[in-house]
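Student: Chain residues, written in single-letter form:
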Amino acid sequence: MKYWRRPLDKDKIKTPKGHIYIIPDRCKGCGFCIEFCPKGVLEESDEINRKGYHLPKIADGKEDDCMNCNFCMLICPELAIYTEEGE
Amino acid sequence: MSAKGANDKGRIETVEEHPLDHILRQDRLPHIWCPGCGLGSAMTCYAQAIERVDIPLKKQVLLSGIGCTGRIAGYVKVDSYHTTHGRAIPFATGLKIANPELCVTVFSGDGDLFAIGGNHFLHAARRNIDINVICVNNFNYGMTGGQQGPTTPVEARTTTTRYGNFEHPLNLPHLAAALGAVYVSRWTTLHCRHLEKSMEKALQKRGFTFIEIICPCPVGFGRPNKLGEGLEELRYYREKSVIKNDASWDEMVLHMRGEEPIVVGDFVDTERPTYLDLEEQMLRAKGLIK
Ligand SMILES: Cc1ncc(C[n+]2csc(CCOP(=O)(O)OP(=O)(O)O)c2C)c(N)n1
Ligand code: SF4
Ligand code: SF4
Ligand code: SF4
Ligand SMILES: [Mg+2]
Numbered sequence: 012m013k014y015w016r017r018p019l020d021k022d023k024i025k026t027p028k029g030h031i032y033i034i035p036d037r038c039k040g041c042g043f044c045i046e047f048c049p050k051g052v053l054e055e056s057d058e059i060n061r062k063g064y065h066l067p068k069i070a071d072g073k074e075d076d077c078m079n080c081n082f083c084m085l086i087c088p089e090l091a092i093y094t095e096e097g098e
Numbered sequence: 002m003s004a005k006g007a008n009d010k011g012r013i014e015t016v017e018e019h020p021l022d023h024i025l026r027q028d029r030l031p032h033i034w035c036p037g038c039g040l041g042s043a044m045t046c047y048a049q050a051i052e053r054v055d056i057p058l059k060k061q062v063l064l065s066g067i068g069c070t071g072r073i074a075g076y077v078k079v080d081s082y083h084t085t086h087g088r089a090i091p092f093a094t095g096l097k098i099a100n101p102e103l104c105v106t107v108f109s110g111d112g113d114l115f116a117i118g119g120n121h122f123l124h125a126a127r128r129n130i131d132i133n134v135i136c137v138n139n140f141n142y143g144m145t146g147g148q149q150g151p152t153t154p155v156e157a158r159t160t161t162t163r164y165g166n167f168e169h170p171l172n173l174p175h176l177a178a179a180l181g182a183v184y185v186s187r188w189t190t191l192h193c194r195h196l197e198k199s200m201e202k203a204l205q206k207r208g209f210t211f212i213e214i215i216c217p218c219p220v221g222f223g224r225p226n227k228l229g230e231g232l233e234e235l236r237y238y239r240e241k242s243v244i245k246n247d248a249s250w251d252e253m254v255l256h257m258r259g260e261e262p263i264v265v266g267d268f269v270d271t272e273r274p275t276y277l278d279l280e281e282q283m284l285r286a287k288g289l290i291k
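Just so you know, the sequences run in chain order A and B. The first sequence begins at 12 in the working numbering and counts up by one. The second sequence begins at 2 in the working numbering and counts up by one.
Hints in this document: simulated from the structure, not taken from any laboratory. The structure displayed is predicted, hence computed values, not measured ones. From the three backbone atoms N, C-alpha and C, an ideal C-beta is built for every residue, glycine too. Careful, some of the hints might be misleading.
Residues of chain B placed beyond 12 Å of chain A at every Cβ, according to the derived structure [stated by the list, open to error]:
(1) H19
(2) G39
(3) V79
(4) G95
(5) A99
(6) M144
(7) G165
(8) Q205
(9) Y276
(10) L279
(11) L284
Simulated crosslink set (SDA-like; lysine to any residue; CA at most 20 Å straight-line) [claimed, not checked]:
(12) K73(A) to D9(B)
(13) K28(A) to R194(B)
(14) K62(A) to V16(B)
(15) K10(B) to D71(A)
(16) K59(B) to L204(B)
(17) K10(B) to G51(A)
(18) K10(B) to G72(A)
(19) K50(A) to K10(B)
(20) K78(B) to P57(B)
(21) K241(B) to P154(B)
(22) K227(B) to E156(B)
(23) K287(B) to E272(B)
(24) K227(B) to T160(B)
(25) K10(B) to D22(A)
(26) K10(B) to R17(A)
(27) K206(B) to I56(B)
(28) K206(B) to E272(B)
(29) K50(A) to E95(A)
(30) K62(A) to E17(B)
(31) K62(A) to I33(B)
(32) K10(B) to S56(A)
(33) K50(A) to T85(B)
Residues from chain B that face chain A, not an exhaustive set, calculated with beta carbons under 7 Å [claimed, not checked]:
(34) G11
(35) R12
(36) I13
(37) T15
(38) V16
(39) P20
(40) G37
This is chain A alone, in the form it adopts within the complex (with noise of 0.2 Å):
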């Protein structure tokens, strides 16, 4: 990122990252993660849980990009996915 002027704390301020974690087989499918994560973190997998709905999985060069944001774990009407703070 480019700064007009370089903000005084710079170093001590990170973007949060965040890690997922799902619980696959309460998803049913929804896409609701996929299609409203603010940053295009996750895209649906070719894997199947046990109710035969497809997961969602992180794509491809997206591995740093969550940010810890939550809203994948409000939209998600199965509590199946949520974010903790990641390194």
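Take the given structure of chain A and dock chain B with the ligands to it, following the hints.
Tutor: This is chain B with the ligands only, laid out in the frame that chain A set:
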């Protein structure tokens, strides 16, 4: 936590528990709601809100009437009442009057709260009973097979309006505001973060609060009205929602078709003495209590 899945590329790390599991009755889950139904999102927002507010879970009570939305009282692990159809508000009123320490919330459907239960809403809001009413509006009676109800928009198709609905629907925030509710807001289930914050606000607010949640019911409303499955209906919300806190009553009317916007926001946030405030004030003035 087990981490068996983390090696495959892109695979999300697998675990067995969710951070909000302790707020829900695990013995009753998984819930009965259809894939693509928004009720699960609404319940998650509520679980997050009751965990975040500074009110002990032991003092929180949740009530519902009957319907798909009505199941929520059975899933959340606070003291709860799954009451008869339309009667959650009278139960809630009784609870609050008998034990003013409690934080009392009613979570129910449009049919339950505004068709069979409409009269109770009227009088609880008028009296400013210090309870919170959260209505999931999916524009139909989801549980019983998608019949027309008091919020079904004009022209909408349901199993009982095969040629389109000829009735004018209720405008819920308008109604709540006119009755004197001290806090009135409306969000869709796509506005999770706003919705969760509004719930926190309502829980902490003194007086009668009302939140309307616009929610996909693909089975009873989405499919017959060409809004499609849950995901497509949420895309429609994204396209058509406008946040407008100072919306006029006319602007709040929902059409759910064509180019008409879905106006959402925090419409009312005010103060008014509650029923119990007035009782105490008047009895004290007459020297009947100290
Ligand atoms: C006294 C009585 N009348 C009718 C019914 C049938 N009934 C069950 S749920 C329901 C309507 C529910 O609609 P709503 O409140 O919108 O909930 P939703 O399923 O859409 O979430 C009706 C009419 C009933 N259970 N009890
Ligand atoms: S926490 Fe936010 S950024 Fe991370 S996956 Fe979920 S929605 Fe996307
Ligand atoms: S939102 Fe939940 S249920 Fe829907 S696809 Fe994502 S993890 Fe699965
Ligand atoms: S019928 Fe409608 S409201 Fe009921 S669970 Fe299915 S989608 Fe949800
Ligand atoms: Mg309904």
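Student: Now tell me, hint by hint, if it's right for this structure.
Tutor: Taking the hints in turn, this is what the structure says about them:
1. H19: Violated, because the least Cβ-Cβ distance between H19(B) and chain A comes to about 5 Å, which does not exceed 12 Å.
2. G39: violated, 7 Å
3. V79: Correct as stated: the minimum Cβ-Cβ distance to chain A is 16 Å, above 12 Å.
4. G95: holds, 32 Å
5. A99: holds, 33 Å
6. M144: Consistent with the label, M144(B) stays out of reach of chain A, its closest Cβ about 16 Å off (over 12 Å).
7. G165: holds, 28 Å
8. Q205: At about 19 Å from chain A, Q205(B) clears the 12 Å cut-off, so the statement holds.
9. Y276: The assertion about Y276(B) holds, with a minimum of 33 Å to chain A.
10. L279: Nearest chain A Cβ is 38 Å from L279(B), so the label holds.
11. L284: holds, 44 Å
12. K73(A) to D9(B): OK: K73(A) and D9(B) at ~15 Å, within 20 Å.
13. K28(A) to R194(B): holds, 19 Å
14. K62(A) to V16(B): holds, 17 Å
15. K10(B) to D71(A): holds, 8 Å
16. K59(B) to L204(B): holds, 14 Å
17. K10(B) to G51(A): holds, 17 Å
18. K10(B) to G72(A): holds, 10 Å
19. K50(A) to K10(B): Answer holds: K50(A) to K10(B) is near 19 Å, not above 20 Å.
20. K78(B) to P57(B): Holds, because 13 Å separates the two Cα atoms, which is no more than 20 Å.
21. K241(B) to P154(B): Holds - the C-alpha atoms of P154(B) and K241(B) are around 16 Å apart, at most 20 Å.
22. K227(B) to E156(B): It holds: about 12 Å lies between the C-alpha atoms, which stays within 20 Å.
23. K287(B) to E272(B): Distance ~24 Å between K287(B) and E272(B) Cα, so the pair is violated.
24. K227(B) to T160(B): Judged against 20 Å, a Cα distance of about 14 Å means the pair holds.
25. K10(B) to D22(A): violated, 31 Å
26. K10(B) to R17(A): violated, 37 Å
27. K206(B) to I56(B): Holds: K206(B) and I56(B) sit about 12 Å apart, inside 20 Å.
28. K206(B) to E272(B): Given that 20 Å is the threshold and the Cα spacing comes to 9 Å, the pair holds.
29. K50(A) to E95(A): holds, 16 Å
30. K62(A) to E17(B): Judged against 20 Å, a Cα distance of about 16 Å means the pair holds.
31. K62(A) to I33(B): Distance of about 14 Å is within 20 Å: holds.
32. K10(B) to S56(A): holds, 11 Å
33. K50(A) to T85(B): This hinted pair is violated, its Cα atoms lying about 44 Å apart.
34. G11: This hint holds: G11(B) lies near chain A, its Cβ roughly 4 Å from the closest one there, short of 7 Å.
35. R12: holds, 6 Å
36. I13: holds, 4 Å
37. T15: Cβ of T15(B) sits 6 Å from chain A, so the hint holds.
38. V16: Interface hint status for V16(B): holds (5 Å vs cutoff 7 Å).
39. P20: With a closest approach of 6 Å, the P20(B) hint holds.
40. G37: This hint holds: G37(B) lies near chain A, its Cβ roughly 5 Å from the closest one there, short of 7 Å.
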